[in-house]
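With the hints as your guide, set chain B onto chain H.
Respectively, the protein sequence lines represent chains H and B.
Reminder that position 285 of the first sequence reads as 304 in my numbering, one-by-one numbering, no gaps.
Reminder that position 239 of the second sequence reads as 630 in my numbering, one-by-one numbering, no gaps.
The set of hints was computed from the structure by calculation and includes no laboratory data.
Since the model is a prediction, treat every value here as computed from it, not as a measurement.
The beta carbon of each residue, even a glycine, is placed where N, CA and C say it ideally should be.
A portion of the hints provided could be inaccurate.
[Unchecked claim] Here's a subset of chain B near chain H, in silico, CB distances under 8 Å, partners left out: (1) D453; (2) G661; (3) K697; (4) V721.
[Claimed, not checked] Per label pair, the in silico range of CB-to-CB distance: (5) B:E411 / H:T167: 29 to 39 Å; (6) H:P244 / B:E554: 29 to 39 Å; (7) H:T205 / B:A700: 27 to 37 Å; (8) B:R552 / H:R331: 16 to 26 Å; (9) H:L286 / B:R473: 53 to 63 Å; (10) H:N319 / B:A771: 52 to 62 Å; (11) B:R659 / H:S125: 30 to 40 Å; (12) H:V188 / B:D427: 48 to 58 Å.
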Amino acid sequence: MKRFFLAAALAALPLAASAKDTGLVFVSNEKSHDVWVYDNEFNVVKKIETSRRPRDMKMNAAQTLLYVACGDDDVIDVIDIETLGVVDQIPTGPSPEVFAFSPDESVIYVSNEEDSMLEVIDMESRIAIHDVPTGAEPEGVIGTPDGTTVYVTSEVADMVHVVDAGQGVVTDNIIVGTRPRRFVLTPDTNELWVSAELSSEIYVIDRDTNEIKDVLEFLPPGFRPEDVTPVGMAITADGSRGIISLGRANHIAVIDAHTKEVIDYVLVGSRAWSVALTRDESVAVVSNGLSDDITLVDMNTLRPIRSVPAGRVPHTVVIDD
Amino acid sequence: MKQLIALVALVAFTLPALAEDLTLGYIALESDPRYDENFAYARIALRPQGDSFDGVKLAVEDMKILTDAKGLTVSLDEMRVRPETVASAGERLVAEGIGYVIADLPAESIAVLADAVGGAATILNTTAPEDSLRRACYRGLLHTAASDRMISDALIQHLVRQEWTKVLLLHGKAERDTARAESFAEAAKRMRVDIVDTRVFDLSTNPALREENNIMLLTGGIRDYDVIVIADEYGEYSRYVPFQTALPRPVVGATGLVPAEWHWALERYGAPQVNSRFEAETGRRMGWQDWSTWVAARAVLTAFAKARAPGTEGDFLRSERLKLDGSKGVPMTFRPWNGQLRMPILLATHNAIVDIAPIEGFMHQLNTLDTLGQDEAEFACD
Chain H
20 MKRFFLAAAL AALPLAASAK DTGLVFVSNE KSHDVWVYDN EFNVVKKIET SRRPRDMKMN
80 AAQTLLYVAC GDDDVIDVID IETLGVVDQI PTGPSPEVFA FSPDESVIYV SNEEDSMLEV
140 IDMESRIAIH DVPTGAEPEG VIGTPDGTTV YVTSEVADMV HVVDAGQGVV TDNIIVGTRP
200 RRFVLTPDTN ELWVSAELSS EIYVIDRDTN EIKDVLEFLP PGFRPEDVTP VGMAITADGS
260 RGIISLGRAN HIAVIDAHTK EVIDYVLVGS RAWSVALTRD ESVAVVSNGL SDDITLVDMN
320 TLRPIRSVPA GRVPHTVVID D
Chain B
392 MKQLIALVAL VAFTLPALAE DLTLGYIALE SDPRYDENFA YARIALRPQG DSFDGVKLAV
452 EDMKILTDAK GLTVSLDEMR VRPETVASAG ERLVAEGIGY VIADLPAESI AVLADAVGGA
512 ATILNTTAPE DSLRRACYRG LLHTAASDRM ISDALIQHLV RQEWTKVLLL HGKAERDTAR
572 AESFAEAAKR MRVDIVDTRV FDLSTNPALR EENNIMLLTG GIRDYDVIVI ADEYGEYSRY
632 VPFQTALPRP VVGATGLVPA EWHWALERYG APQVNSRFEA ETGRRMGWQD WSTWVAARAV
692 LTAFAKARAP GTEGDFLRSE RLKLDGSKGV PMTFRPWNGQ LRMPILLATH NAIVDIAPIE
752 GFMHQLNTLD TLGQDEAEFA CD
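Same shape as in the complex, but just chain H:
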């Protein structure tokens, strides 16, 4: 019965259609300095050596190239999704951690953890055209779909900087909880969510006013508030459900993104971190930083399907489907 269920869940994963939408799953591993590539049945098909300490990854809109920020070599490696090899590198400032593209992919916004800058890199010339000073240890970066605003967190100063993308200046600062890490934008309610790892909270910010609308807290059964260290988040395309990784509490929380009510907690691996959804949103893939694996979660039954080994300290998951 269990087997059948598992097979059914895996069959629900979309199959490769063309070179685009390969169905491949990419996981960056901070300490083994590589990106592991899985097929849509989660067999490892390739381990791509990258520059040192690969962390955040983003695909271009055409889904032909995967960009990987490599913190210890101060570059963003570019992986060709067809050949599964590093084909290019974009130099950055010291210790790039998280990045975002502008909607037209003409510039990259990257947080430089070591020198407290949001660096703006022109994609064509590969030159840093602008630096926006941030609080110490900037991490999460996200741009709005209209390209006007970029948000960046400072882990040490406990704030979200609101950056005017056109002028490259900080226009507002929002003080949030302790050690703010990552962002998601809701597709339908004009909200920005920020995970505050050490105060165990998600801050919900109204993007029109930059005011904090709501502060969400999570507590899976059997855990203490201080075990809950949320980092990664994902939201379904229709904006109905949110998925929050709870770090040392070894669970993800699946919530109603509108009412903010917790629907369920799902057990995953040790220090659950980044979360990604398959395009059909049937499976969530969670990277577990302290158990060196990824956990596949069935989004219909809200149960873990299985865990699959990854490299050392898996950081980010990107799915090409």
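Relative to chain H, chain B alone:
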């Protein structure tokens, strides 16, 4: 007149970014024997090198963007005193209205300062680990230095986890060594670790004291033990103990595996970034004393940035809401019963973090950080 003040206060309350000044005091001894660089004749670094004021400066720099956003102007008042002028320095800072003082002083000077200030300012003890200072319960005194008992509990947790529960305890004759050995014995009793013998060492080569200064004799004549724990503040004796013991057993405590608030080898929780910012500013590695002054200044500045209303910063600082990030992976708060900062303790060799206490499996009914140090139920003010 009174009404006018009330009105002004009300207006100030509603302004989002209130222009405010905060003077943060820092007090240290002009020549603190604990930092004597020339202690070891061979210039071996047995003492922390450098000045813990660097930690305060880094914290102000780290928090600047946040304090700027709050309209808070932070300035530093640096005081270098002698033991006999600590009291007058305390009176001066009260007279000048300095509300928060970061103190890098030995325990006896902390006591003098706390007496002189009498609760009129918050003093943050950054480097004195004495349990007696916690039990003295001075008004307004907080501690970002881990207590002796926290250090001992961290070591005990590791020993219990390793099942190294038969201990030979060695300590020097200095007051600090006795205090640390006593705290270890207390911690051992709570966790039922067996101290098979406690022996005092002597740094001399006096043949009449050979039972105390000869390492083979000091560690011999006992059928067995799992581990040697040594309390040695100066570090001059303990550095020779490993590899010279009567039985082939690990040596921990003051050498080998050392519990401390901070170590440069911590690779997680944003610690490498803190270390590299500190190194970039100072050209040296961040010691636990620097971390302690850094986190003390961070605590005060966090309270000023996050307290909801002016005048409530002190309450915020002491509340559960503080959730201070010291780059050790957990939110930290001060214990209401003795003003001690709850924190993880690193168990470090010379170049690696072997473990971080509280170690998994050591449970507490409220907060696992309270498995380190005197818990509320066993604590009483002297």
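Tested hints:
1. D453: Holds - the Cβ of B:D453 comes within 8 Å of chain H, reaching about 5 Å at its closest.
2. G661: Interface hint status for B:G661: holds (6 Å vs cutoff 8 Å).
3. K697: holds, 7 Å
4. V721: Where the cut-off is 8 Å and the nearest Cβ of chain H is about 6 Å from B:V721, the hint holds.
5. B:E411 / H:T167: 29 to 39 Å: holds, 32 Å
6. H:P244 / B:E554: 29 to 39 Å: holds, 32 Å
7. H:T205 / B:A700: 27 to 37 Å: holds, 31 Å
8. B:R552 / H:R331: 16 to 26 Å: holds, 24 Å
9. H:L286 / B:R473: 53 to 63 Å: Between H:L286 and B:R473, where Cβ atoms are some 59 Å apart, the hint holds.
10. H:N319 / B:A771: 52 to 62 Å: holds, 56 Å
11. B:R659 / H:S125: 30 to 40 Å: holds, 36 Å
12. H:V188 / B:D427: 48 to 58 Å: Roughly 49 Å apart at Cβ, these two residues keep to the hinted range, so it holds.
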